[in-house]
Amino acid sequence: MQNLAQQLINYLLHLADTTLILSQRNSEWCGHGPVLEQDIAITNISLDLLGQSRNFYQYAAQLINESKNMQDTKALSSFGEGVGSEITEDSLAYLRTEREFKNLLLTELPNGDWGQTILRQYLFSQYQYLLFEQLQQNKDEQLAAICTKALKEIKYHIRWSSEWVLRLGDGTPESKQRMLVAINELWRYIGEMFIAVDYEKEMNIDLIALQNNWAEKVDVIFQEATLSIPKNTFMQIGGKTGTHTENLGFILTELQYMQRAYPNSQW
Amino acid sequence: MVKALLDKEKIWQLLSTVADPEVPVLNILDLGIVRDVIVSSALEGLGEVVEVIITPTYTGCPAMDMISIDIKLKLLENGFKNFKITSVLSPAWTTDWMSEEGKRKLKEYGIAPPHSRADDTANPVIECPQCNSTNTKLISQFGSTACKALYQCQDCKEPFDYFKCH
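Heads up: the protein sequence lines correspond to chains Z and Y, in order. Last residue of the first sequence? That's 808 in my numbering, and every number before it is there in order. Last residue of the second sequence? That's 182 in my numbering, and every number before it is there in order.
Please note that the accuracy of each hint is not assured.
[Stated by the list, open to error] Taking lysine-lysine pairs in the PhoX-like style, the calculated list, with each CA pair at most 25 Å apart, reads:
1) Z:K609 / Z:K693
2) Z:K680 / Z:K717
3) Z:K609 / Z:K742
4) Y:K26 / Y:K123
5) Z:K717 / Z:K758
6) Y:K119 / Z:K693
7) Y:K119 / Z:K696
8) Y:K153 / Y:K173
9) Y:K153 / Z:K696
10) Y:K123 / Z:K693
11) Z:K680 / Z:K609
12) Y:K100 / Y:K123
13) Y:K100 / Y:K121
14) Y:K153 / Z:K693
15) Z:K772 / Z:K758
[As the list claims (entries may be wrong)] Ranges between beta-carbon positions, derived for each pair:
16) Y:L154 / Z:T782: 38 to 46 Å
17) Z:E627 / Y:S57: 47 to 55 Å
18) Z:D747 / Y:D136: 27 to 35 Å
What the hints contain is simulated information worked out from the structure, not anything from laboratory work. Note that the Cβ used here is the ideal one computed from N, Cα and C, for glycine as well.
Based on the provided sequences and hints, a complete structural model is requested.
In structure tokens form, the structure reads like this:
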């Protein structure tokens, strides 16, 4: 069993990895969006997510360095230690391996078509909003502050992505068909959002309320979009504890290339 | 003590000359980024320590690193050596902290200023900064930078940025 400090660090890494990987995925649309304004929108969201992940990584790095100073080194062997001993936001993002990443599986899936990308964004943003609403009450003040700030941005992400779900779901036969395919592709990765792993248990998150509120909100949008929530789907888990789909390795290969090829290079 | 007060005033004045790199008509005081300036006379003989406390606008705003460097340079140029810049997240920045002067300058520059948070709705009525018409249309929730949305005036046809309520 991990102590509280380790649990908080792992939880921060989970939040950081999740936002980093989704940011990386969305940024693949840069220059490829269906029209210029939407290209800008998805990359803006990507930037917001990157900013959030930086805040989480910075805070995690600070806590890791502090606990290292307290000689608690044994438990910290896998926090991205490269050359030199100081952990930074960069070493956490660039020097950890696939099995150390704790992002939700949903975020690492390929973008698919535009419908699949915006459906994922909507399902994730709605979840993130409700989760961060809980976390802004967290007794850890820095975690609460990061989430409070991010909520303002997430509000816009929900607004934008839910409009797209309506437009495509209740659009042409083809757009609707594509949304149905997207729902089918993504749904089995929703479950792990609401299943606590070890390091989450002391974070005071009410996952049952989170799941219910999320389902309620999504249902309203889906009904308006003439879509429906699938029932009794098999749910794939593993992302939070480092067991990923084959996709993450490819993402990290690209994301970490520079630091791996030229260690300690500076921009 | 008197020197500390004078210096504090001078630093605020210097900060008012640091421009936002993305919206250069605004300085960082107009934006409400600077939360406090603390001048403390540290140990005797060592002079004073200056702390400038800033808060980021948007989480991912790439201008923040730039602003931090600009503040550093400005203080160094003016003979301050012993200082630090602290970034705080709480309370979270809001467009309500933007000064009236800042909002006026934004509009003159061609960017519609943010509504107050109390008046914010999902579909706010935005005035065209060129012809003041309220007959405007949202083109995209996201504009050229994280803080702006894209609108078009239906009367004078001019597209423009709206500084989003945040």
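Practice task
Could you work out which earlier hints the structure fails to respect and list their numbers in ascending sequence?
Solution key: Hints 1, 2, 4, 12, 13 and 17 not satisfied by this model.
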